[in-house]
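Chains as they are written, first to last, in the numbering used here: chain Y, 1 to 110; chain B, 1 to 123.
Hints are computed from structural coordinates only; laboratory data are not their basis.
Hints may contain errors.
[As the list claims (entries may be wrong)] Derived lysine-lysine pairs resembling DSSO-like cross-links, with alpha carbons at most 30 Å apart:
| no. | chain 1 | residue 1 | chain 2 | residue 2 |
| --- | --- | --- | --- | --- |
| 1 | B | K74 | Y | K106 |
| 2 | Y | K106 | B | K87 |
| 3 | B | K87 | Y | K44 |
| 4 | Y | K68 | Y | K44 |
| 5 | B | K74 | Y | K47 |
| 6 | B | K12 | Y | K47 |
Just so you know, these numbers come straight off a predicted model, no measurement behind them.
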Amino acid sequence: QSALAQPASVSGSPGQSITISCTGTSNDIGRYETVAWYQQHPDKAPKLIIYDVRYRPSGVSHRFSGSKSDNTASLTISGLQPEDEADYFCASYVRSNNLLFGGGTKLIVL
Amino acid sequence: DVQLVQSGAEVKKPGESLRISCQGSGNSISNYWIAWVRQKSGRGLEWMGIVYPGDSDTRYNPSFQGQITISADKSINTAYLQWNNLKASDTAIYYCATPRTQLLWFGEAFGYWGQGTVVTVSS
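The following block holds chain Y by itself, in its conformation from the complex (with noise of 0.2 Å):
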């Protein structure tokens, strides 16, 4: 199975927002309300910041929010702040008792 897709790069000036898309089919994303986000930064483990397509983890911050239409998820990040520079997955689960993961998306903050 291949992996979710996501575009290669965002970028975004501090202060705007931005979206992170992530494609799939009707058995991951189309099927399940389990799409997960998590950040990344260099040379650290993954972080989840949303789970169950739209939900924030404790201490998260407001300004991640997660939604999904058909077969795509959204990861939006609002009032960009420098900190936000990260790399960000999504993931689904696959009607095949699989997971699958985005191939990442970097966010440059300018």
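Let chain Y serve as the given structure and place chain B on it in line with the hints.
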């Protein structure tokens, strides 16, 4: 909270065997499944499989089935990832992670992560 501590970096030759570990601690750690995730060249993540230390129930990503062995020792809340015939293509960072929710795995996001183990396979 859950804490996951992984074993240290490894340098191996092609064809050698290796087992790396991930020890969990914290509140009700024995109720959590533990997964392994590979990250090559600092970008993409790949879910390799998951084990429930309580009874060693294990599930594999079909892409990794037969290439690795995932196991656990419930007495020390530790999960293992093992190779019997390493290849240069196994060079990567390997993370262990647990779902947010006790007792469940399918459908659950990974709320806790280990620090990662760097594995380098080179002749």
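Non-conforming hints, listed in increasing numerical order: Number 1 only.
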